[in-house]
Amino acid sequence: MSEALYQIMGRHRRDPLPERKPPWLKVKAPGGENYLRLKQMMQELDLHTVCQDARCPNIGECWDHGTATFMILGDVCTRNCAYCAVSHGRPPKYDIEEPSRVA
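Mapping the sequence shown onto my numbering, position 48 (from 1) lands on 48, and the numbers just tick up by one.
It is possible that some hints are incorrect.
To be verified - Distance condition first, Cα-Cα at most 27 Å in a straight line; then the derived BS3-like pairs of lysine-lysine:
#: 1; residue 1: Lys93; residue 2: Lys39
#: 2; residue 1: Lys39; residue 2: Lys26
#: 3; residue 1: Lys39; residue 2: Lys28
To be verified - Have a look at the derived ranges for each label pair, beta carbon to beta carbon:
#: 4; residue 1: Ile96; residue 2: Leu17; range: 55 to 63 Å
#: 5; residue 1: Pro91; residue 2: Glu19; range: 41 to 49 Å
#: 6; residue 1: Arg79; residue 2: Asp15; range: 40 to 48 Å
#: 7; residue 1: Thr78; residue 2: Trp24; range: 31 to 39 Å
#: 8; residue 1: Thr78; residue 2: Asp15; range: 44 to 52 Å
#: 9; residue 1: Glu97; residue 2: Pro23; range: 42 to 50 Å
#: 10; residue 1: Leu17; residue 2: Thr78; range: 41 to 49 Å
#: 11; residue 1: Ser100; residue 2: Leu25; range: 37 to 45 Å
#: 12; residue 1: Leu45; residue 2: Asp15; range: 49 to 57 Å
#: 13; residue 1: Lys21; residue 2: Leu45; range: 32 to 40 Å
#: 14; residue 1: Asp46; residue 2: His88; range: 16 to 24 Å
#: 15; residue 1: Glu19; residue 2: Gly66; range: 32 to 40 Å
#: 16; residue 1: Lys93; residue 2: Pro16; range: 54 to 62 Å
Don't read these hints as lab results, they were simulated from the structure. The beta-carbon is built from N, C-alpha and C at its ideal position, and this holds for glycine as well.
From just these sequences and the hints, can you work out the full model?
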């Protein structure tokens, strides 16, 4: 057999380690000044965003630029997309004050 074994920290692998991911594929962890400001504002105003509810991996980038996608009429979506983490079902009673908080 001509299969080469690579020893890495005491373990044997049949293949070499894959190359590093390109820089454009990496996402910066959330935590910038704008991100923290928007996060606090969303909590204080009891607003729901697709960014949070869908667990979007780009939330740090968008919120750091001061943008967010709001869910209106609560945090329950009437659709049931297989790829989305937003809770789905029949929305509960609507909060009539929500539009003024979003504005």
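These are the hints, each one checked on the structure:
no., hint, in the structure
1, Lys93 / Lys39, "holds, 25 Å"
2, Lys39 / Lys26, "holds, 22 Å"
3, Lys39 / Lys28, "holds, 17 Å"
4, Ile96 / Leu17: 55 to 63 Å, "holds, 57 Å"
5, Pro91 / Glu19: 41 to 49 Å, "holds, 46 Å"
6, Arg79 / Asp15: 40 to 48 Å, "holds, 41 Å"
7, Thr78 / Trp24: 31 to 39 Å, "holds, 35 Å"
8, Thr78 / Asp15: 44 to 52 Å, "holds, 46 Å"
9, Glu97 / Pro23: 42 to 50 Å, "holds, 44 Å"
10, Leu17 / Thr78: 41 to 49 Å, "holds, 45 Å"
11, Ser100 / Leu25: 37 to 45 Å, "holds, 40 Å"
12, Leu45 / Asp15: 49 to 57 Å, "holds, 51 Å"
13, Lys21 / Leu45: 32 to 40 Å, "holds, 37 Å"
14, Asp46 / His88: 16 to 24 Å, "holds, 20 Å"
15, Glu19 / Gly66: 32 to 40 Å, "holds, 35 Å"
16, Lys93 / Pro16: 54 to 62 Å, "holds, 58 Å"
The structure meets every hint from the earlier list without exception.
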